[in-house]
Every structure is written in structure tokens, then in C-alpha cells.
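Engineer: Sequence:
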Amino acid sequence: MAGAVVSVVLGAGLTGCGDADESSGDPAYIVMSGGTHVVKEGSEGNLRYKDPWTVLVTSTDGQPVEGAVINLRVVTTSYTKGVREWDTEKEFWKIEPTAGPCANEDRNLNGTLDSGEDANGNGVLDPRNVATFSGNVETTEESNDSVTVGRITTDERGYADFFVVYGTEFGHWATVSLTAETQTTGTEGSQSRAFGLPVAQEDVEKQDEPPVGEISPFGDGASC
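For the sequence shown, the positions run 3 to 226 when the working numbering is used.
Mixed in with the good hints there might be a few duds.
Calculated lysine-lysine pairs in the DSS-like style (CA-CA distance at most 25 Å, straight line) [unchecked claim]:
| hint | residue 1 | residue 2 |
| --- | --- | --- |
| 1 | Lys92 | Lys42 |
| 2 | Lys96 | Lys52 |
| 3 | Lys208 | Lys92 |
| 4 | Lys96 | Lys42 |
| 5 | Lys96 | Lys208 |
| 6 | Lys52 | Lys42 |
| 7 | Lys52 | Lys208 |
| 8 | Lys42 | Lys208 |
Per label pair, the in silico range of CB-to-CB distance [stated by the list, open to error]:
| hint | residue 1 | residue 2 | range |
| --- | --- | --- | --- |
| 9 | Gln203 | Asn73 | 31 to 39 Å |
| 10 | Arg109 | Glu204 | 33 to 41 Å |
| 11 | Glu158 | Gly223 | 50 to 58 Å |
| 12 | Asp63 | Lys92 | 43 to 51 Å |
| 13 | Val41 | Asp147 | 23 to 31 Å |
| 14 | Gly198 | Gln65 | 31 to 39 Å |
| 15 | Gln65 | Glu87 | 45 to 53 Å |
| 16 | Arg153 | Ala121 | 27 to 35 Å |
Treat the hints as calculated values from the structure; they're not laboratory data.
Glycine is no exception: its CB is placed at the ideal position from the N, C-alpha and C atoms.
Given only the sequences and the hints, what does the whole structure look like? Please build it.
Structural biologist: Here it is as C-alpha cells:
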């Protein structure tokens, strides 16, 4: 079979290419594009957001690759403290940071508080991971409190659909990095995309209804 091309598609927007392992033979590529909408779920639709993603795997001759295993990883890379204020000009609940972006304290992402990692001295690692996966994603034992690792397989069309899921209160207050990797016919490709967790537009456009997360879940202090 021809070498694999891996596409991670979120919607219309920017694209990028990942470099293949130089020792793996024919190159493989992961292409990510931005643009998204979120789906609300939970009691009265205000508990969780589901951010939809899809992964497409094709051969170099354009044929879909069925059964390709995609390794997924999501980690919270930074967080912000602050409050929301009503923007009278643009008419939405904007965030007003008081501190941040604050870097993830777990530098080696092992989920354990190691020496020198507790930068703010509160006795715990901040921010922990606030996002996980849903859909046909199998969460693996490599996951810990700082990173969620999952695995998904492409269907007969070469696609694998999944969601990045997080509590609504974290929308706009946290940035995550999503990585997709695959290895097909001896080639390996990887691409990461960092993005701020989005919110549903209708949740921030009513002045008389402050959204969940009016105060950052990480607090509103003046330092990280």
C-alpha cells in the first residue's frame, strides 16, 4: 500500500504539516485546521462542552485507510485567573485576567508533584488536566492527573471522530494541547495543536445571565 497521509480536521482555517520520522521511509503528514463549535451536554446543558474533532487517514494515492490506529493526547498547558466583565461595546462577557497565562507546573507530565514543581507553593500541581475524550476513544493506562491519552481507529472512510470534553467553567480560562499520532506501513506522523478552550456563543451574549465561570475556576488572585 502507498504511504499514509494523516489529516486532523477541525473545520475551515489554518493548516500545518508535521515532519515524519526520518528513518521510517516514505513521509507521513498530519494536517490540522482551526475553527470549531462546541456541543453542550449535561443537566440543562450547562455542565460540559464537547469540542468536535475528526481525523482522516489516506494513502498517498488518496485512498482512505481503514483500521489505522490514532494515538491521541490532551494536556492543559496553561491557565488564567480573573473574572468576566460585560463588554458594552461588543456585548458579550469577556474575561479580565488578574494573573496569567500561568504555565502548567507539572513539567514532566507524570501526574506527581516533584521537587521544584510547586511554583506557587500551594502544595498541589496546577492546573491538573481539565480535558478528556469522548466518542469512540479508548482511554489508555498512560493517562494521569496531568494528561489524558487515548486511542481511536479509523472507519471504512478513513475517518475517526471524537470529542475533547471539559467542564463549562473552564471555557476561555485554560489552554490545552491536542496531539494526534499514527504509524502506517512503516511511516509515522505527529502534529500538535494548542488552543484555548472555547465556549458556546449563547452562553456569553446575555448581559442579565452571567455565564458559568464568571470567576475563573483557578481563582482571581493577582499571581499564579
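Engineer: Taking the hints in turn, state whether each one holds.
Structural biologist: Going through the hints against the structure:
1. Lys92 / Lys42: Holds. Lys92 to Lys42 sits at ~23 Å (cutoff 25 Å).
2. Lys96 / Lys52: Distance of about 21 Å is within 25 Å: holds.
3. Lys208 / Lys92: The given pair, whose Cα atoms are some 12 Å apart, holds under the 25 Å limit.
4. Lys96 / Lys42: This hinted pair holds, its Cα atoms lying about 20 Å apart.
5. Lys96 / Lys208: Distance ~12 Å between Lys96 and Lys208 Cα, so the pair holds.
6. Lys52 / Lys42: holds (6 Å)
7. Lys52 / Lys208: holds (21 Å)
8. Lys42 / Lys208: Within the cut-off at roughly 17 Å; holds.
9. Gln203 / Asn73: 31 to 39 Å: For Gln203 and Asn73 the Cβ distance comes to about 32 Å; the hint holds.
10. Arg109 / Glu204: 33 to 41 Å: holds (38 Å)
11. Glu158 / Gly223: 50 to 58 Å: About 51 Å separates the Cβ atoms of Glu158 and Gly223, which means 50 to 58 Å holds.
12. Asp63 / Lys92: 43 to 51 Å: holds (48 Å)
13. Val41 / Asp147: 23 to 31 Å: For Val41 and Asp147 the Cβ distance comes to about 26 Å; the hint holds.
14. Gly198 / Gln65: 31 to 39 Å: Hint holds: Cβ distance 36 Å, inside 31 to 39 Å.
15. Gln65 / Glu87: 45 to 53 Å: holds (52 Å)
16. Arg153 / Ala121: 27 to 35 Å: holds (32 Å)
Violation of the numbered hints given earlier is absent; every hint is satisfied by the structure.
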